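Everything in the sequence shown is counted per our numbering, starting at 23 for the first residue and increasing by one.
Calculated from the structure, these hints are not laboratory results.
This structure is a prediction, so every number in the text was calculated from the model and none was measured.
Mixed in with the good hints, there may be bad ones.
[Unchecked claim] Listed next, with one range per pair, are the computed distances between beta-carbon atoms:
| id | residue 1 | residue 2 | range |
| --- | --- | --- | --- |
| 1 | Gly62 | Ser182 | 47 to 55 Å |
| 2 | Thr298 | Ser50 | 17 to 25 Å |
| 3 | Met43 | Gly315 | 20 to 28 Å |
Glycine included, C-beta positions come from ideal geometry on N, C-alpha and C.
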Amino acid sequence: MDSPKPLELVYRPCSRWRRAMAFLIDMSLSLILGLAIGIGIVALVAQAPFYQTAVSTMDEIELRSGLYEENEEGETSSITELYAVSEEEANPDYAAVDSLFATALEHFFSDPYFFPEGEGLTIYEGLKSGEGALIYEGNEGNGAYFRRDENGNLVPRLSSEAMYSFYVEAIDGTAIPYISTAPAYIDASRTTFLSMGGSLLSSLFLGIFVPFFVPPLFFKRGRQTLGMKALKLAVLTAKAVPPTPGRTIARSLLFLFVEVLLSIFAFLIPILVSITMVMVRRDRQSFHDYVTGTYVVDCSDMPVFLSYEDYAEKTASATPIDLRKGDEGRELSPEEKEDVRRGID
Numbered sequence: 023m024d025s026p027k028p029l030e031l032v033y034r035p036c037s038r039w040r041r042a043m044a045f046l047i048d049m050s051l052s053l054i055l056g057l058a059i060g061i062g063i064v065a066l067v068a069q070a071p072f073y074q075t076a077v078s079t080m081d082e083i084e085l086r087s088g089l090y091e092e093n094e095e096g097e098t099s100s101i102t103e104l105y106a107v108s109e110e111e112a113n114p115d116y117a118a119v120d121s122l123f124a125t126a127l128e129h130f131f132s133d134p135y136f137f138p139e140g141e142g143l144t145i146y147e148g149l150k151s152g153e154g155a156l157i158y159e160g161n162e163g164n165g166a167y168f169r170r171d172e173n174g175n176l177v178p179r180l181s182s183e184a185m186y187s188f189y190v191e192a193i194d195g196t197a198i199p200y201i202s203t204a205p206a207y208i209d210a211s212r213t214t215f216l217s218m219g220g221s222l223l224s225s226l227f228l229g230i231f232v233p234f235f236v237p238p239l240f241f242k243r244g245r246q247t248l249g250m251k252a253l254k255l256a257v258l259t260a261k262a263v264p265p266t267p268g269r270t271i272a273r274s275l276l277f278l279f280v281e282v283l284l285s286i287f288a289f290l291i292p293i294l295v296s297i298t299m300v301m302v303r304r305d306r307q308s309f310h311d312y313v314t315g316t317y318v319v320d321c322s323d324m325p326v327f328l329s330y331e332d333y334a335e336k337t338a339s340a341t342p343i344d345l346r347k348g349d350e351g352r353e354l355s356p357e358e359k360e361d362v363r364r365g366i367d
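Taking the hints into account, I'd like the entire structure generated from these sequences.
Below you can see the structure in the form of structure tokens.
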């Protein structure tokens, strides 16, 4: 009686387009999850006492400058927004708005909270005349907006409509940026920036972490993400079995920290290197696969076994396979064939 032909375990490397599709599915899930987490974290941070204190401090400093006022919604808005004049208005009162803006600028540049004594007014005067003066270019001629009268005082030399441009530019382009130089404003803005920036980075990390880290630990047969599960791909070691939990965690951490997060600060170089490896290598290993000794394979035609014992139990064979030998596996040695024959008998 002839001995049964020993069974061989052969997995095909997954095609590049299927791996790309699985990655796109997982990234789509990451974006959706990250967005949901981000909305929740930002809402919590916005209600935190330290954040509200920082925002209140910034609002108080802006209102003190005189360049901001509270709008109808109770939010601070610049006076150039609140009192903006449009040429389409029936009777635009440029003179009244110019007077309001001029008073606000005099108040701001005279405030010792923002400038040492006299320094602010020097800056303001420099906007009116001198080498750094704001220049008007229009139908009323070119040059500075102000001229000196017979007493040496700076006075407007253009119409109220033309002078409106000076005050808007002086407020938005020069005065308002000086508000952010106040020490208390710097501290408060740093708090709000770090809080919101940290919230966004945390939501991004969690959005990527959960889809790429949790499912592989849950799906023991194949260590798959949801995208890989949908397209019937699996992660195996060179011995044709799923990697251990420790190796799976290491693989996920390499992907998250080196290929994703590091790419944010390294001009996408790590992720591009990993993609290039998948494209050019015969075994189609990415960087995190290469480091951890794992392979992404097509398991649509072959089930994944947890161990050689599991394989032997389901196939009555215990044939060791080295995936690094290629798509066809490797030929059994005479000794291995004899071992399999004895196990079947």
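Exercise for review: Please flag the earlier hints that this structure goes against, numbers listed from lowest up.
Suggested key: none
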